[in-house]
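Per UniProt numbering, residue 1 is the first one in the sequence shown, and the count goes up by one each step.
Keep in mind that the hints were calculated from the coordinates and are not lab data.
Hints may contain errors.
[To be verified] In silico lysine-lysine, DSS-like type, Cα no more than 25 Å apart, as pairs: (1) K133 <-> K80; (2) K29 <-> K84; (3) K80 <-> K29; (4) K29 <-> K10; (5) K133 <-> K84; (6) K10 <-> K84.
Predicted model only: the values in this text are computed from it and were never measured.
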Amino acid sequence: MLITLPPDYKPSDDEEFMNPQQQAYFRQKLLRWRQELLREAGDTLASLSAGGITEADLTDRASVETDRALELRTRDRARKLISKIDQALERIENGTYGYCEETGEPIGLRRLEARPIATLSIEAQERHERMEKVHRDD
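Build the full structure now, drawing on both the sequences and the hints.
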């Protein structure tokens, strides 16, 4: 079922949580984000395959190599993010998107707006981070 959203549509707490319009809204948001990351990855690939490092000066060469290494790390993060976006899209399809993986409670529209790939409610995320901190301090 394809839902056409008004151009100015924003999910609201006044509507039923994760109704078809909200699902369509977040699907579009995730697909746009994914497309942007893929476009940036293509740009990176094009710039990296444009040629080798031609700078004669060692400082310039080191600077270019550092920039390339940073760009590759950024692309690796983007690759992992695309995987999380794909998982979120899958959750939309199977009806679990927007609900906390730990508690089953709604994550909340404001959190999903800020982080559409969120899988935990703020409370569950805070508990998770506290547990990580405790175990990291051991």
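Sort out whether K80 lies within 25 Å of K133, counting only the CA atoms.
holds, 23 Å
Between K29 and K10, is the straight-line Cα distance small enough, at 25 Å or below?
Distance ~11 Å between K29 and K10 Cα, so the pair holds.
Take the C-alpha atoms of K29 and K84, compute the straight-line distance between them, and say whether it is at most 25 Å.
Satisfied, since the Cα-Cα distance of roughly 13 Å is no more than 25 Å.
Between K80 and K29, is the straight-line Cα distance small enough, at 25 Å or below?
Judged against 25 Å, a Cα distance of about 17 Å means the pair holds.
Would the hint linking K10 and K84 be met if the CA-CA limit is 25 Å?
holds, 23 Å
Pair hint outcome, K133 versus K84 [Cα-Cα no greater than 25 Å]
holds, 23 Å
Against the hints set out earlier in the document, no violation occurs for any number.
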